[in-house]
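Now for the letters of each chain:
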Amino acid sequence: MKSAFDEFFPFETVDTNLLPLLTNLLNLGSAGLIERGKIRDTYLSTQGITFTLSGKERPLSVDLIPRVINAHEWNTISAGVKQRIRALEAFLADVYGPQTIINEGIIPRQLVTSSEHFLREAYGINPANGVRIHVAGIDLIRDESGTLRVLEDNLRCPSGVSYVLENRRTLAHVVPEVFGNFHVRSVEEYPEQLLRALRASAPEGVSDPIVAILTPGIHNSAHFEHAFLARRMGIELVEGRDLFCKGGYLYMRTTSGPQPVHVLYRRIDDEYLDPMQFRPDSILGVPGILNVARAGNVTLANAVGNGVADDKAIYPYVPRIIKYYLDEEPILPNVETYDLQIPDVLNHVQKNLAEMVIKPVAGSGGYGLVIGPSATTEQLKEISQVIADNPRGWIAQPVVNLSTCPTVLSDGEVAPRHIDLRPFAVNDGKDIWVLPGGLTRVALVEGSLVVNSSQGGGSKDTWVLQPKSEKIVVSNENASEVPSGPSIAGSVTARETGPEVLTNARLQQQEEQQQQDGRPTC
Amino acid sequence: MLSRLAESFFWMGRYLERCEATARLLLEHHQLTVQQHSVSEIEAVTFLTKLLVLEPEAKNVEELIAQVYGTESHASTILGALSATRNNARTIRDAIPGDLYEALNSAYFAGLAENPNPRLPGTVLRSQIQRLAVINGVLEWIAPRDQSFDFLQLGRSLERLDLTARLVAAGYESIWPDQGPATMLRSVDALGTFVRGQIPLTGKRAKGFLIGDRIFPRSIYFCAQTAEHSLRRLKERDDSIYRDIALLRSELEFADPNASESSQIRIATRATEVAASTSAHVSAEFFRPAGSIIWSN
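So the protein sequences, as listed, match chains A and B.
To convert, note that position 382 of the first sequence is 382 in the working numbering; the numbers rise steadily by one, no gaps.
To convert, note that position 249 of the second sequence is 249 in the working numbering; the numbers rise steadily by one, no gaps.
So here's chain A without its partners, still in its complex pose (with noise of 0.2 Å):
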């Protein structure tokens, strides 16, 4: 396997840009890192940042060095991601209406019918706005070469962007030093981009939509993040069970009686969000809302039916999906992916296994991959009757040897570890807003590259910088005066203090006193 590039040392040499950073951090020395370490698992736990994981709540692990991308390179992968998502929002308004793309022969038809995720349900909820897509988390690696691919697309509940911003104030809590003098590009402005673009979403003649988070409960993995995002978008959490139909319109029940719900951001999977519709057995959901959404009287976010957009099955075709919706090239590529649905692609995946990564198209989190170069000889053999018997379950790709970053270790020493990066995007209709930054994912286990954090990856915070010539000048012109700054009204009235109760000469009184009362007495 080809050797990974890494991100502070590309070239094999250390990028000078970032050598403040390494030094400021490697002069804590290891026993200095080791009690960061300490100072920040406190820190996450009393906060309450944590992800749930097989029931158990834990702090989800962020790196204390950085990851840092810069400004060059985020437009590229900004103007990306908002190619990619323009063009998967057409591809969804066209299958789930006059389907030009199937008809025309660019997609196989079998392919996208057979998909888990294409719902007829699906069919004729036409979102206000014509978004369907409202936020997207695209997966990007960075192979051998250092070029950024795109290994999936999320478009249903893509989560992790609680712990962007999270991360970057955890990183200024714990490892000031790190922050030296870089320009780092806020990422605070996320939750209100996100409520704007709900908002955009409503339901038509609405003009002061209600909008609210349907979450599944405190018991599922992102909890944390869905009431981070209500508490910071000043909206509703809420649960199935708090939400009814009626009449054709969704409400909550509040103390004051039903009150309408126009946009829901739900984070509930789509076959647990109606059971009239989906599995009814599901106790999370809200019977009747996927009619409510067909009446155009709530809009759901993301819409119903995305996942036949991040499809992995599908994900082969995007390049051609964006050459036929924008007749654009793709400004980010895709990884080599095989479909195992032709036969002799299948026969050649299955002599050379030892060599892929075998991921089940409909899956999620890491879980059911086999990555050839790490799996026994049994596992193979497994997986290369399973994906005979199934091709359109599975896809192939062939083994990237993901970026790896400097990482801190539990016992204090620097080593490289492999990484991925989530932006995040938000579609309001009429602009895509990419979050300057984004989830970089660590796989911490040496040599591993599961980065998610279902399997035990942490998190770093990840830095866009500031362009240079966009540096914000210094706003006094002579930075050796003390500034006069802006009139500080107040600064004229001095603060009060109150008397001093404990006044030397009443102290000294006192205490003689006491020693007179007392001698002892005959």
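No lab work stands behind these hints: they were computed from the structure.
Every residue, glycine too, gets a C-beta built ideally from N, C-alpha and C.
Treat the hints loosely; a few may be bogus.
[Stated by the list, open to error] Just some of the chain B residues that point at chain A, by a computed CB distance under 7 Å:
id, residue
1, Val53
2, His74
3, Ala75
4, Ile92
5, Ala276
[Unchecked claim] Just a few of them, taken from the derived set where beta-carbon distance is under 7 Å, the chain A residues facing chain B:
id, residue
6, Ile39
7, His173
8, Pro176
9, Asn181
10, Ser186
11, Glu188
12, Arg231
13, Phe244
14, Arg495
15, Glu496
16, Val501
[Claimed, not checked] Which stretches of chain B does chain A cover? Using the computed rule of at least three CB atoms under 8 Å from a CB of chain A, they are:
id, region
17, 4-12
18, 30-38
19, 103-111
20, 114-125
21, 142-149
22, 193-205
Place chain B on chain A using the hints.
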């Protein structure tokens, strides 16, 4: 009640609030200086010393942390305010709940013992804020609602009013257009309450919230209202001591919510003056009645 007791309750309330408010301000200001480099370090540092009316001694963030954490002898610093709270409590130990003194003592000794690492102040400041919250919790649920509580409440709300007013007038948003408004709100832990009520977050809206919000206990309006209530209970028939604060309260109550930023600054400045004049009235009326002989100090 004894004038001396009344005065100590009043100042205990003020210093308690000052300590908490200053710790929070410093904490958020530190986050800001770490994350944002759009202004020079000296400007960011002077901004806070100026807001807190401290001498412009600190030349960098580390010195700022040390200066604002301060010493026992400087009552406008965190440690100084903490020490002054405890000193006042000591002199009225008989009149306050045992739990209160205990909570105060442990906050004080912990504050003395754990000087914040100037490069890493967050941990110490956070635990400081936590301990102060315990003290406020004890007050809320145990302290009897007699005159002593009115004096304490009065001190607390005047101090809070003064600090929120200074925060509004400081000009965060003009120096840090990105994160200034959020920092301003976070400095009084108001960000969550703010976003529940309105969007988007702008400097003007943040200031408007801090000035006039009806339900947030640290807005200038809310503090003026609380202070006025306490004063009315203390001296129902004589409106001369609460006239200033009542006028401020009613001005805020009926103020134009879309007032310009310059009038926001003006009202914040006026609030600071009213806090001072009310404090002076209270002192003259209750603590040092005319003709009292002062033997020392």
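Mind checking, does the region 30-38 of chain B have 3 or more residues with a CB under 8 Å from chain A? holds (count 7)
Has the region 103-111 of chain B got at least three residues whose CB is nearer than 8 Å to a CB belonging to chain A? Per the Cβ count (0), the hint is violated.
A closest beta-carbon separation below 7 Å is what the hint needs, so does Ile92/B meet it against chain A? Since chain A brings no Cβ nearer than about 9 Å to Ile92/B, farther than 7 Å, the hint is violated.
Interface hint compliance - His74/B to chain A, C-beta minimum distance less than 7 Å: Where the cut-off is 7 Å and the nearest Cβ of chain A is about 9 Å from His74/B, the hint is violated.
Using Cβ atoms only, decide whether Arg495/A comes closer than 7 Å to chain B, and label the hint accordingly. Nearest chain B Cβ about 5 Å off; hint holds.
Classify the hint on Val53/B as holds or violated, based on whether any CB of chain A lies nearer than 7 Å to its CB. At about 5 Å, which falls below the 7 Å cut-off, the nearest Cβ of chain A leaves the hint on Val53/B intact, so it holds.
At a threshold of 7 Å, is the proposed contact between Ile39/A and chain B supported by beta-carbon distances? Given a least distance of 6 Å, the restraint on Ile39/A holds.
Chain A contact restraint on Ala276/B - CB to CB distance below 7 Å: holds (6 Å)
Have a go at the Glu496/A hint: is there a Cβ in chain B nearer than 7 Å to its own Cβ? Since the shortest Cβ distance to chain B is 6 Å, the answer is holds.
Hey, does the Ala75/B contact hint survive, CB to chain A under 7 Å? holds (5 Å)
Taking 8 Å as the C-beta cutoff, is the stated coverage of the region 114-125 of chain B by chain A satisfied by three or more residues? Coverage by chain A holds here, the residue count being 4 at a Cβ distance below 8 Å.
Given coverage of the region 4-12 of chain B by chain A, checked by CB-CB distance under 8 Å (3 or more): Holds: 4 residues of the region 4-12 of chain B have a Cβ under 8 Å from chain A.
Hints 2, 4, 13, 19, 21 from the list above are not met by this structure, while the remaining hints are.
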